[in-house]
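Residues per chain, in single letters:
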Amino acid sequence: MFGFNGRQLPAGWQMKKGRLLTAMNAFKDSEHLFRLLGVFAAGILLFLVLREFLVPRSFGEYGHYRGNALGEIAARPVNYAGHDTCEGCHTDVLDKKKDGKHAHVNCEACHGALAKHADDPAALTPPKLDTAVLCVRCHEANAAKPKSFPQIVSADHAGGLPCETCHQPHSPAITAGGAK
Amino acid sequence: MKLTRRHLLLLLPAAGTAWKFVLAGTPEAAPNYNRSEHWWGMLIDLTKCIGCGNCVRACQTENDVPDGYFRTWVERYHVSDYDIENPQVDSPDGSKHGFPPAKDPSGKNFFVPKLCNHCADSPCTQVCPVGATFISPDGVVLIDKTYCLGCRYCVQACPYGCRFINPKTNTAEKCTLCYHRITKGLTTACCENCPTGARQLADLKNPNDPIHEFLKTHPVQVLKPYMATHSKVFYNGLDGSVR
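Protein chains in written order, with the numbering used here: chain L, 1 to 180; chain P, 1 to 243.
Please note that the accuracy of each hint is not assured.
Subject to a maximum C-alpha distance of 27 Å in a straight line, what follows is the list of computed DSS-like cross-link-like pairs (lysine-lysine) [to be verified]:
1) L:K116 to P:K168
2) P:K48 to L:K98
3) L:K97 to P:K168
4) P:K48 to L:K101
5) P:K168 to L:K147
6) L:K147 to P:K48
7) L:K147 to P:K103
8) P:K103 to P:K48
9) L:K101 to P:K168
So the derived list for chain P, only partly shown, Cβ under 7 Å to chain L, looks like this [said to hold, decoys possible]:
10) N54
11) Y179
12) N193
Hints in this document: simulated from the structure, not taken from any laboratory. Cβ coordinates follow ideal geometry from the N, Cα and C atoms, glycine included.
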């Protein structure tokens with residue numbers, strides 16, 4: 001039923017008619033090829049239908065990835081509240097800090113992550129800090145630190161006295177009247 | 001008008017397209033944050049870094065980074081006067097507890113904080129076979145945990161060694177530039193906790209960001225510029241020996 005004959009050939013093919021017809025005879029019983037084509041078509045259709053269900057809706061929204069991933073990553077809770085939040089309430093500390101050397105050291109750099117405290121001040125009170133650990137973290141002498149950064153060798157700096165005996169952490173310079 | 005088969009066939013594609021939008025639902029809302037208005041990067045001023053490790057601890061607290069793995073870490077370089085070709089680098093526990101005194105105070109000693117460089121042409125996103133890692137419209141290289149297979153291609157592809165496989169989830173992990181913070185108007189956990197201001201978050205699309213003035217007036221370099229990754233983590237005072 002799908003066989004070819006000479007009359008249906010395009011004009012340009014007529015010259016090679018003899019050889020072409022021999023080739024066409026090979027396709028005389030070509031039904032099975034069309035059945036195969038049907039199988040392929042069904043396969044492609046199945047692929048497209050499955051793809052529609054399996055690929056997330058937001059995939060390709062911005063690029064070759066799931067667009068909703070952006071929102072999911074951004075939705076992660078915050079642990080460090082940020083100094084703007086701290087300064088909203090603790091204005092007294094801000095006043096103490098503002099002229100001192102630690103003016104640009106943010107609150108949570110020493111006091112730790114306190115977003116929970118910022119959300120509900122009663123739920124979590126910041127722990128008391130140990131200056132013996134905290135101060136030397138930054139100020140212990142190390143050859144790799146910039147030369148302009150104030151450094152001490154803690155073992156022979158204060159004879160075992162705690163740092164806050166002389167230095168107030170929020171404004172650490174020693175004034176004429178001792179610790180402020 | 002009579003509805004013929006021809007009309008129905010013409011309507012089908014339109015109905016299909018409409019249905020696709022119905023299924024897509026409403027996109028995630030991000031109030032007051034427009035992704036197209038930002039292009040994030042970071043500025044690291046090595047002349048200010050004191051190697052205290054505050055950034056490393058802050059990152060681990062903020063992002064639940066497992067022990068022994070690092071999204072950011074600090075390296076200490078020692079460049080001997082007599083062998084400048086072979087610097088000695090150490091980073092005990094990623095500098096989570098700071099550094100012990102330098103063994104040899106002579107020569108050059110300095111700290112180099114490292115993190116994902118959020119490359120604009122990142123090799124890691126190019127190798128991902130499933131589209132689990134990508135550059136966000138605001139220039140942050142992110143990982144979709146639910147899509148990652150843990151195949152480790154990206155871990156190998158990163159020229160800066162910034163990725164690892166989280167042993168709990170078996171998926172790739174790296175610095176997100178605190179995407180959950182910067183989209184809420186906060187700075188990253190490491191920048192927030194850097195006592196000397198050595199690290200600064202930079203929005204390269206914001207004309208008022210101090211980064212532009214800094215880049216114009218300082219000798220700024222990126223890591224491995226020859227890799228042409230277009231890294232967006234800029235280092236001020238970067239020594240040539242840094243790998």
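Here is what the structure says about each hint:
Proximity of K116 of chain L to K168 of chain P is assessed by CA-CA distance (about 25 Å); at most 27 Å being required, the pair is judged to hold. Distance hint between K48 of chain P and K98 of chain L is fulfilled; the C-alpha atoms sit about 20 Å from each other, no more than 27 Å. Straight-line distance between C-alpha atoms of K97 of chain L and K168 of chain P comes to about 42 Å, which puts the hinted pair past the 27 Å bound. Proposed proximity of K48 of chain P and K101 of chain L is supported: the alpha carbons are some 14 Å apart, at most 27 Å.
A threshold of 27 Å between alpha carbons decides the hint, and for K168 of chain P with K147 of chain L the separation of about 42 Å lies outside it, so the pair is violated. Under the criterion of a C-alpha separation no larger than 27 Å, the hint pairing K147 of chain L with K48 of chain P is consistent with the structure, at around 10 Å. Annotation: proposed proximity of K147 of chain L to K103 of chain P holds, straight-line Cα distance about 17 Å (limit 27 Å). Proximity of K103 of chain P to K48 of chain P is assessed by CA-CA distance (about 21 Å); at most 27 Å being required, the pair is judged to hold.
Restraint check for K101 of chain L and K168 of chain P: the C-alpha separation of about 42 Å exceeds 27 Å, so the hint is violated. With a least beta-carbon distance of about 6 Å to chain L, the hint placing N54 of chain P at the interface is held under the 7 Å criterion. Among the interface hints, the one on Y179 of chain P holds; its C-beta lies about 5 Å from the nearest C-beta in chain L, closer than the 7 Å criterion. This hint holds: N193 of chain P has a C-beta 4 Å from the nearest C-beta of chain L, less than the 7 Å allowed.
In terms of the numbered hints stated before, the structure departs from hints 3, 5 and 9, listed from lowest to highest.
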